[in-house]
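If you're matching them up, the sequences are chains X and U in order.
The first sequence begins at 10 in our numbering and counts up by one.
The second sequence begins at 10 in our numbering and counts up by one.
Just so you know, the hints here were simulated from the structure itself, not pulled from any lab data.
All values derive from a computational prediction rather than experimental measurement.
Virtual Cβ for every residue (Gly too), placed ideally from N, Cα, C.
Do not rely on the hints blindly, as some may be mistaken.
Unchecked claim - Below, a sample of chain U positions facing chain X; criterion: calculated Cβ distance under 10 Å:
| id | residue |
| --- | --- |
| 1 | D66 |
| 2 | A82 |
| 3 | P107 |
| 4 | L137 |
| 5 | L148 |
| 6 | E152 |
| 7 | F196 |
| 8 | P347 |
| 9 | F397 |
| 10 | R402 |
| 11 | Y415 |
| 12 | P422 |
| 13 | L424 |
| 14 | I425 |
| 15 | V426 |
This is what each chain is made of:
Protein chains: 2
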Amino acid sequence: MDDRTHVVIVGAGFAGLDCARALAGAPIDVTVIDRNNFNTFQPLLYQVATSGLAASDVSYPVRGLFHDAPNVAFRQGTVHGVDWDTRTLLLHGQDPMPFDRLVVAAGAVTNYFGVEGAERHAFPLYGLTDAIALRNHVLRQFEATEAHPELVDEGALTFVVVGGGPTGVETAGALTELFDMVLTKDFPRLDIALARVVLVEMSDTVLGPFSARARHYAAHQLRQRGISLRLAERVVRVDGTGVELASGERIATRTLVWAAGVRANPLAADLGLPQVGGGRIPVGPDLRVEGHDGVFAVGDVAAIGAGGSDDLLPQLAPVAKQSGTYVGRLLRDEVEEPGVARTRPFRYRDKGTMATIGRRAAVADLPLRLRLTGTPAWVTWLFLHLMFLVGFRNRITVFVNWAWSYLTYDRGPRLIVDGDDGAHRSGDADGHDDGG
Amino acid sequence: MDDRTHVVIVGAGFAGLDCARALAGAPIDVTVIDRNNFNTFQPLLYQVATSGLAASDVSYPVRGLFHDAPNVAFRQGTVHGVDWDTRTLLLHGQDPMPFDRLVVAAGAVTNYFGVEGAERHAFPLYGLTDAIALRNHVLRQFEATEAHPELVDEGALTFVVVGGGPTGVETAGALTELFDMVLTKDFPRLDIALARVVLVEMSDTVLGPFSARARHYAAHQLRQRGISLRLAERVVRVDGTGVELASGERIATRTLVWAAGVRANPLAADLGLPQVGGGRIPVGPDLRVEGHDGVFAVGDVAAIGAGGSDDLLPQLAPVAKQSGTYVGRLLRDEVEEPGVARTRPFRYRDKGTMATIGRRAAVADLPLRLRLTGTPAWVTWLFLHLMFLVGFRNRITVFVNWAWSYLTYDRGPRLIVDGDDGAHRSGDADGHDDGG
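Work out the full structure: start from the sequences and follow the hints.
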């Protein structure tokens, strides 16, 4: 082992895993480190939060991915620093881990932009435990309101989502569907029409980066489903009883879903790496971190240039996957063809973006200026998400769940798994209730 | 509503739900109360604990069961007492709930029999959160041992199961299978042969109430799978580093699975009802609680006579289901045929018992003295458990999971969902980490 290059990948998200996959079978020792022993398929987290899928449907044990790749090891642990002199990573409660090459793929954390009370009271939707905490919380509001109908006036059935990007739009749409199709049957003694969703977006449109057609379709569909759109509006304060908007309006609510943005994982700072906007690590055209030999950053934690301009690539799954694969191949080439310098810079191939509002209602901006809305976009969305889900078994159970929901208008695991409702904080390694 | 009889059922386990089912559609108002909003299919909890099934596969939202029964309501809440004068149940944080008839179906809790350290250090396996806590803990031992191989000597890979009944046997067998078929591939750098399971049973045989053939087959299969059987042995002390047996032997371990027995839910005491051995509520031949008009006890919380002798029926799922259905029908007859006194006493129909040790290895003692072992018993077990699972969707996903595991020797959701490993206590309403 000792004379083989040791690549350490921090983070088992899209970027880290695709990097490791590209290195599977190479004459290189690879260790993937993550604080969780599973990978989370983040694009479907909102379905866990809205009782559409089980937690296990969107999570896959990392070790299971590398049964056939003896050169790829996994280590569950939390990195808290680095010793650049000895080139070793420092882990909580574990021996330091030496590396020859380091790939930082630590992803992002929720960005509350300093909004007062948000860190304490808002529900993020970035990790698996976030999704489960939100699911528990939403269902608890209905249980509580059935027992105490006067809670409606305190906003128990008012759900505010902040952020009009895909996550916010999808969460708002899925919440409405959960209420109208399932909870209306679960709670026949409650007037479900009292449950409402408010979507707050800072700009004057939802799905900002999408085509005009997609934006208009999405806004129309959201409104048609009874969602109040507050465009060109911001949340300035949140507490346990409501949110306050920049316009001065106050909405009584116990639920603020925070889909307003992310910033790079603070690990970038812990490692003493340079940082630019949003805490992201600036990288060169081949995703190397300048001034640190053999260190790369990929995915959400990296500030990857869009090429040609000063723009950065967005923090999206496809960028993460492609950048991870790129670095994996680069490191592989380094070892397998040591003389040949790899000079082709990373180039992102934009295969389009999609978002689902609900049953047979989605938008998809695809390559070749193909703009789909409605059922065709929805079917495309379903197909692609099933295809990209990790693990054949996950695909089957997700397919069963989706088919069931579509045919019966019923939903899956709307379980409130006990745990402290107050402890719904996201973050890196704190205690969390969880279920599903 | 006011002139209709109001039946309150405390507990949404097998007994409570089958009671409610028998009352569905009757001219009676029914309220089912449970501290969880879901029913747990307890016979398969050991598969959740051993990463075979997801938590959502063995849980079903109670409200979803009664969409077509407008007379059956659900209330998530915890009962802490009763006012017999006003015939109202007292709930934590909710208005008291009046009842005309009360069915106590609160089930059981783990019985530690006063063994020193057990309540604090042992892992029970009675509720969903127990199963998830055990799963997390087991997987964490392997992650920790890979990082710190010296932990093997401290017993990190030694798993002690106490109790040789079906739960203990099934858990021991499933743990071995998890190690030999899955974790050996997940942890190629660990010598999985170091992982061992010890099954401690007080009597001189496993599966005591089963036929001799079943007992011998089970003991043979367990031993063949490398499980150490300690028969006629007891655990007398447990702490964070090991267990001490009555013989004086000390086994270094961090994991003691407590499958040694249950006692009635302490709610029996909170309600001031009479109690006999194990805290169970004595009932008459028609499952009424003596001295309390219109109060019934069913399932694990009840001491139901076996008829003809002083023996009590065992605390098993079939007894719970049948006793629940009996009381449901009795209450229905009371209202639908008010003049006709129902006099036929409850009679338990023993349809046999089963236990699975592993792949194609099970025992089934069926009616007509049909004794199955091996593959026939295993297929019977699979079929009956699928049939009795609540919810068609659960059946499909469980079937997919089982078929997948059988064909690929792989397992499902071996996720460590974060949470405080120390907080693995069972019990009634405490905070819990959970996952799956």
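Here's how the hints hold up against the structure:
{"no.": "1", "hint": "D66", "in the structure": "8 Å, holds"}
{"no.": "2", "hint": "A82", "in the structure": "7 Å, holds"}
{"no.": "3", "hint": "P107", "in the structure": "14 Å, violated"}
{"no.": "4", "hint": "L137", "in the structure": "7 Å, holds"}
{"no.": "5", "hint": "L148", "in the structure": "7 Å, holds"}
{"no.": "6", "hint": "E152", "in the structure": "4 Å, holds"}
{"no.": "7", "hint": "F196", "in the structure": "7 Å, holds"}
{"no.": "8", "hint": "P347", "in the structure": "27 Å, violated"}
{"no.": "9", "hint": "F397", "in the structure": "19 Å, violated"}
{"no.": "10", "hint": "R402", "in the structure": "5 Å, holds"}
{"no.": "11", "hint": "Y415", "in the structure": "12 Å, violated"}
{"no.": "12", "hint": "P422", "in the structure": "4 Å, holds"}
{"no.": "13", "hint": "L424", "in the structure": "5 Å, holds"}
{"no.": "14", "hint": "I425", "in the structure": "5 Å, holds"}
{"no.": "15", "hint": "V426", "in the structure": "4 Å, holds"}
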